[in-house]
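Colleague: Take a look at the letters that make up each chain.
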Amino acid sequence: MAAYIRIFKRKIMLWQVGVILFLTVLAVVSLLPLYWMIVTAFSKPELVLEFPPKIVPMPPTIENFIEIMKLKNLLRWLFNTAVISVSVTAGGVFLASMAGYSLAKKRFPGNRVILWIYIGSMMIPMQVTLVPLYILVQKLKMVDTYWALILPFLGTPWAVFMVKQFMASLPSELIESARIDGCSEWGIYARIIFPLAIQGLTVLIVITFVTQWNSFLWVLIATNSVEMRNIQAGLSYFQELYPMRYSDIMAASTLAAIPMIIVFFSFQKYFLKGITVGALKG
Amino acid sequence: MSSGASVSSSLLKRVKKDRSGYLFILPHFIFFAVFFLIPVVWGIYYSFFNYTLFEFDFWGLKGYLKLLKDRYFWIALRNTFYYTAGIVPLWLIKALIISVLLFPFSTRLQTIFKSMFYLPHVSSLVIISLIWLWIYEPQYGLLNAMMKLMHLPTQIWLGNRFLAMPSIIFMQFVMGGGSTIVLVSAALAGIPPSFVEVARIEGANPVQIFFKILLPSIKPIILYLVVMGTINSFQVFTQVYVLTRGGPEFATTTMVYQIYYRAFENFDLGASLAQSVLMMLILVVFAVIQFKWLGGEVEY
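These protein sequence lines are chains A and B, in that order.
Per numbering that gives the first Met the number 0: the first sequence ends with 281, consecutive numbering throughout.
Per numbering that gives the first Met the number 0: the second sequence ends with 299, consecutive numbering throughout.
These aren't lab readings, by the way, just hints derived from the structure by calculation.
All values reported here derive from a predicted model rather than from experimental measurement.
Hints are not guaranteed to be accurate.
Unchecked claim - Cβ pair distances, simulated, as ranges: (1) B:Val-40 <-> A:Ile-261: 34 to 44 Å; (2) B:Glu-201 <-> A:Val-27: 29 to 39 Å; (3) A:Leu-70 <-> B:Phe-80: 33 to 43 Å.
Stated by the list, open to error - Rough simulated footprint, nothing fancy, chain B against chain A, three-plus residues with beta-carbon under 8 Å: (4) 67-80; (5) 121-131; (6) 190-202; (7) 220-229; (8) 265-275.
Glycine included, each C-beta is placed from N, C-alpha and C at the ideal position.
Could you put together the complete structure from these sequences and hints?
Modeller: See below:
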């Protein structure tokens with residue numbers, strides 16, 4: 000009997016090892032292109048064009064990275080991307096946290112209507128408003144400025160919705176007792192709600208930051224000059240200019256991808272949480 | 000009369016008393032109104048105009064009729080459906096297989112795998128598309144090198160009108176779907192273990208457990224993923240822009256790419272807006288399905 004159980008157990012173990020192996024293969028395959036980007040980035044340009052392709056860059060070289068540093072605009076693109084991502088994240092999350100708090104915790108005439116305007120707007124994707132938004136930005140004389148790349152993202156409806164869902168779970172008694180103690184409405188938000196909420200807001204912060212870092216279509220439309228592009232639009236421009244310089248393109252792509260990979264590993268659990276919380280956003 | 004006045008005055012009093020509620024929303028709402036609500040209304044209004052660089056005159060539904068007669072509009076719509084019908088089921092199947100296989104393992108191990116599958120998502124679509132542009136490169140690319148090593152005929156993946164769209168879908172299939180996996184896993188984790196235990200005690204095999212217990216339990220999230228996946232896939236743009244520019248022979252021209260192209264390459268803003276409005280209508284239908292049928296059942 001004991002022997003039978005042992006065999007049975009071993010069978011389960013083997014089965015589990017097989018499943019893990021299979022899943023590992025799948026994961027490796029989906030990560031292989033990123034690996035290939037890094038390999039190409041660290042290979043000498045002439046080796047990249049050899050057959051069969053070298054799976055390991057031997058000897059590895061940073062030649063391509065030095066080469067792309069000579070590009071006039073690369074650092075500017077990274078700088079623009081950082082400016083836009085930080086501004087939109089700081090501003091957008093702050094504004095959304097106030098609006099979400101109000102919708103979750105305050106009773107006033109019309110709050111349901113406002114909430115439904117926000118929720119209804121989430122059905123309309125940004126891509127559909129591109130052309131009218133461009134016309135508006137043009138009329139405001141903001142084309143090719145940071146304003147055009149920052150301001151439209153300070154009022155995104157899904158951020159409010161996400162904050163509202165989260166704020167609803169905070170205890171209302173806390174607000175009540177603070178109010179009885181004579182705390183001002185702003186004081187309640189700034190000293191009690193915001194510090195309590197910041198943990199939950201981290202999900203929104205990382206999602207907003209990554210979304211902005213990776214944004215492309217709007218930047219493509221709202222900028223004319225090469226130096227106002229962000230890194231994504233810059234990479235695409237670089238590829239158009241030098242379609243066959245793959246080792247340089249991959250080096251530049253690696254530079255653009257690394258900050259997000261670092262952000263991902265630092266905030267891993269918030270990302271995974273963010274998908275389920277912000278499922279609505281997709 | 001007097002009662003109407005008192006109602007409005009008491010409403011005014013309430014508004015005044017609760018003003019902090021409005022003040023907290025106001026800053027966000029201003030940006031939302033200026034950069035979202037106004038553009039949407041404008042966009043719908045201008046879509047009834049013949050609006051190009053040189054012309055701006057009202058022509059009602061004529062722009063829409065012209066668009067509906069435009070063969071390229073239908074090509075773009077067809078291509079968008081093709082892409083959506085390709086990628087949504089593929090991601091779902093991938094997510095189901097991976098999540099179900101991960102299901103019996105510890106949370107720690109599950110998190111490691113979920114992170115690995117999600118990692119490509121944090122790289123931008125531009126970067127991913129550039130990598131695949133390099134992989135698909137006809138002469139020196141990795142894929143054709145692999146074909147040569149296996150003695151298979153090499154292909155011009157993105158330059159062949161029958162292969163271009165499948166190539167884009169394949170790229171998305173290999174690297175994408177991470178969030179689908181996370182959501183399906185979360186749904187599976189929500190199934191009470193006793194369900195599976197009881198089935199196992201009653202002698203159900205793993206395949207039966209999958210089809211009779213697991214799949215029905217996560218049906219709401221699957222429907223949700225189908226609808227949301229459809230809405231998201233309908234907006235495909237970046238991959239098309241970087242990989243094929245809608246070519247060859249319009250084989251990968253999608254709705255958003257065409258909206259972009261009409262407005263910013265052809266400068267026919269009216270046609271672009273009309274197409275935007277039509278796409279918005281299609282997506283709102285999907286979104287209403289989402290909210291009506293599934294809204295209550297899915298934990299956001």
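Colleague: Work down the list of hints and note, for each, if the structure agrees.
Modeller: Okay, the hints, checked on the actual structure:
no.: 1; hint: B:Val-40 <-> A:Ile-261: 34 to 44 Å; in the structure: holds, 41 Å
no.: 2; hint: B:Glu-201 <-> A:Val-27: 29 to 39 Å; in the structure: holds, 38 Å
no.: 3; hint: A:Leu-70 <-> B:Phe-80: 33 to 43 Å; in the structure: holds, 40 Å
no.: 4; hint: 67-80; in the structure: violated (count 0)
no.: 5; hint: 121-131; in the structure: holds (count 10)
no.: 6; hint: 190-202; in the structure: violated (count 0)
no.: 7; hint: 220-229; in the structure: violated (count 1)
no.: 8; hint: 265-275; in the structure: holds (count 6)
Hint compliance for this structure: hints 4, 6 and 7 are not met, and every other hint is.
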